[in-house]
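One letter stands for each residue in the lines below.
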Amino acid sequence: MSTQSLPRSIERLVEDCDRIIEEPGFAPAVAWKRAAPNRATIGCFPVYTPTEVFYASGVLPVGLAGGGNRMEIAHADSRFQSFICSIVKSTLEQGMTGLLDDLDAVVFHSICDPARNLASVYTRNFPETPVEYIHFPQNFEGEDAARYLRDEYERVARFAGELSGRPMTTEDLRSAIKLYNRVRETIRRLYALRRDAPHLLRARELYPLVRVGHLIPPEDHAELLADALHAAATREGRERDRIRVVLTGSFCEQPPLDLIAAIEDAGCYLVDDDFLIGRRWFTGNVPENTADPLLTLADDYLNASLPSPVKHDMRISPSELLVERARTHRADAVIVLCAKFCEPSLFAYPLYRKALQEAGIPHLFLEFEEKMWMFDRIKSEIETFVESLLFD
Amino acid sequence: MKYAAGIDVGSTQTKCIIIDENKQIVARALTDTGANITRAGERGYEAVLAAGGIAREDVLCVVGTGYGRFKVSFGDLQITEITCHAKGASMLFPETSTVIDMGGQDAKGISVQNGEVVDFVMNDKCAAGTGRFLSTAAETLGLALDEIGALSLQARNPVRLSTVCTVFVESDIMSYVAQGKKIEDILGGIHSAIAARTIALVRRVGLKPSYTFTGGVSLNIGMVKMLEEKLGAPLNVSPDSHYMGAIGAAVFALEHALSATTAS
Amino acid sequence: MTETHYQGKLHHLQKELMSEYYSALTASANGSGVPAAYLLIGGNPVELLRAFDILPVFPEVNALQLAVRKQSLPFIQSAEFMGYSSDNCAYVKADIGMYFGGRQTPFATIPEPSLLLCNYVGCNVYLDWFGHLAEFTGQSAFQLDIPFIRSASGKPSKEDIDYVLRQLHHLIGRCEEITGRKLNEEKLREAVRLSSLTGDLWSKIKHLTKRTPAPYDAYFDSVTMMAPLYCLRGTPQGLEFFETAYAELLAKAEAGIGPLEKERFRYVIEGPPPWPHLRAFRDMFSRWDAVAVASTYSTVGGLWEFGFTHDPDRPLESIARHLLEWNLTNRNFLQRYEQIERYLEEWNANALIIHSVKSCRLFSAGQGDMREYFTKRGVPTLLVESDLEDPRYFSEAQMRNRIDAFFESIAHRPTREGVKV
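Chains as they are written, first to last, in the working numbering: chain S, 613 to 1004; chain F, 12 to 275; chain E, 6 to 426.
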């Protein structure tokens, strides 16, 4: 993808990513599809999508991330009430205004009740569009769930194969796992770099580097990320007097980029976050070259994944994990940034609050909407919070 | 000559109308509802009788409407203001297919056929799209409510509002003022946002011309123009739009009285 | 315009049985030695618990009992004080508040759970609810994961059924640990047999409202019968209740007696009721001589009126099918449109009321689309909003305005069948 002979700087890479993200439509995905036969594209509603299963079947899993703050919702809000989160409405609006026409299909997952009902509303309103729905297990004890999820992935692979016209082979899947492992591993390295030297990589920069992966083929993303890792590691910068913050909660509807920048400008180094966690999901590489890669993926979904409020693993205490996370990242504070009306994240909060208070970790609870675009209020809240910690 | 009366007891104002046998409006009265809703209907009725110089005995039938309709104890019937708005709008503008009502406290969309309600939608839970939003905005800018409409028409670069929530509009406006935005542009943005929200609301019952615009906000020329622009169609607006519910109620009263006469 | 209440045997029997049930809960809380399992209503395997003599506790039923007695608000507020959002489901808040209030309610002391049976049947909030209870009680939850109906056929797949059966076997193992006894297969079959007969009667009762006049209100009176359906299903008392209920309602049907003096409008209603304002809400319809002939809410815990019945010869398979397919919550949103359409058609209704509740997004998210769908098909449809548990979201004046305007508008309209109401 990089045609220049000189490696791109972080600034340049981020600029390129911003441009791709801001452009309406899905030009890179369409170009990828046209480049070879037996290819299709599918829009993936948050949070986690088994990207390998789709890609191995010849279907590019394009990430849907809502309408952002440039889109007016004029039709979809008659279908979903005011107490429903924006991303459900903006996604429907995107469909209604033709913005998703480039995509051959859409897939939803069992993350919450509104998303689940959205799958049905979408199906009814777009009868020509194939719509798939994945039920992720909510039982983490023993082997039953992994077996079930493996079968579910097999079903999804059949669906994907019908879209592209070419069924998936086991070898295809193994290759796809290797490829997405590379992508995720590089992202982990970038996150680690930021954790250890946050002055070398701002959240506002890391975000588009990850987000662009929603829109371009994984091979291109892997290359871009490798360039970014190199560029970041050789960057120069000075540490500033900021507080180290772990930011949790924004795993589905995404805050505007300017809000992420505003949080940093208010005096924070974001040393960890939940942004786009669906594309990162696993704690390490998914084992490669296994006999049954579908089962491997299913097992890792359940047992080797990052904590998330949409995955109700009752073997663990999510709030204890948050406290641990704050400690391993040497965080001065935690910001819980929830999308307005986001049921899973709002439910997580009371437990987080209790645990953080008991652990003596200062925290701030904030709500946002993807369609925000004035941040004065929220910025001054954060500034006040930062000041209270810096001048303690 | 015999008459019929419509009494619309709203949360802040009471509107009363008397029509004659030929459905001509012969008297109007606008009074404050005040704290005592039961008295509000009576006071309004007295006022409208006086305004028309009409004796009580000459009124065949009285219909109460509005939130306080059940307190119009002297009324013969109580009908919701939704149904009355449809009736009133159709009397003044017979081609009415859609009523857009923006009042002080709520906003409604009504699809109408032959003067009757086919479907309706209401925004009565929140102030966005109501007179209250506009009066908050006017207050923040230090302007009178009846000034802002005309001013908004002078906008060259209307601002984009980040919210239609009355609670937050104040701080958004102040941000824009601090940024040096022109008052006209701020007002243009406000009217645009409210119009868009209202149209999204009314879309739920279908956007079908001819459109009749009723309620206190229909006196705001800025909103009229903005809605017309976004709908791509003209709006029917009457100087009596404030009284639309009472007019409809009076028409129902007359029809009720006449059908009773023919029945007996 | 006035309505007649049948306050016959049915009503008193319900009170008596529920009082006994709640006494058993209190006894368990006070150390009677009977273990208690918390579980959720939507598609529940209560038969299995009955086979082990484990007392089923339904936090949803407790929450609604609090709301009906207008005592939910202080508990909701104490949960909000802990950090629960105003946008979180108020059932959960009332329950958590009650838990931290010493598990004391006016009708019972709720026992601590020996088993937290989290039956995930569609409602994602269940998972948060029981995850939190696990954290607070120190009890580890048993997650019974029921795959959502997501096929075009509206049926579960073979893999779905096998997965549920495997989990049910594990659940049996867990119950054996708790009680120290092996599963008694006979007892299970008996519980399923009783459940099956109960379900049949419930179905027959539902079909009675096809008649004109409907002998009871399928929304406001159904809710009286729902508590025994969950709390007592699989027991002889539960069966006795439904036998009595059916006999009484059948007699009313044959005598042409209904809850209203005159039946003018027949409607289908979608959504949970505003429990804290049940009486006021009911009056808004009965003043128009309107009766509910079918309700979707009464099928959250099981949908029996379309032919499903538990099978004592295949107890676990039929329990699995009930959990997967034959309850409202695990069925998808479009299946609910189909369910409503069937009610409109077969129960001869001429309007649809959608009561959209803020707390329950499983029910409410997307009801605007439902409204659009039915309006386009010529069904007079009204959407009103409030909440199922939190008394603060009910605006009587606004609600009445909408309902009155709605009935005013259809009073002059021909119905779908071409018959003027």
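Simulated from the structure, these hints should not be mistaken for lab results. Glycine included, each C-beta is placed from N, C-alpha and C at the ideal position. Any given hint could be a false lead.
Below, computed lysine-lysine pairings styled on DSBU-like, alpha-carbon distance capped at 30 Å [stated by the list, open to error]:
id, chain 1, residue 1, chain 2, residue 2
1, S, Lys-952, F, Lys-192
2, E, Lys-381, F, Lys-136
3, S, Lys-991, F, Lys-136
4, F, Lys-136, S, Lys-952
Not everything, but these chain F residues come out facing chain S in the computed CB check (under 8 Å) [claimed, not checked]:
id, residue
5, Asn-168
6, Pro-169
7, Arg-215
Hint check:
Restraint check for Lys-952(S) and Lys-192(F): satisfied, since their Cα atoms lie roughly 29 Å apart, inside the 30 Å limit. Taken as a hint, the Lys-381(E) and Lys-136(F) pair is honoured in the structure, with Cα atoms around 25 Å apart against an allowance of 30 Å. Proposed proximity of Lys-991(S) and Lys-136(F) is supported: the alpha carbons are some 29 Å apart, at most 30 Å. The hinted pair formed by Lys-136(F) and Lys-952(S) meets the criterion: a straight-line CA distance of about 18 Å does not exceed 30 Å.
With 8 Å as the threshold, the beta carbon of Asn-168(F) stays out of range of chain S, its nearest partner Cβ sitting at about 16 Å, so the hint is violated. Contact between Pro-169(F) and chain S, as hinted, is not supported at the beta carbon level, the nearest pair being about 14 Å apart and thus beyond 8 Å. Evaluation of the Arg-215(F) hint against chain S yields a held restraint, the C-beta minimum of about 4 Å falling below 8 Å.
Consistency with the previously given hints fails for numbers 5, 6, ordered from lowest to highest.
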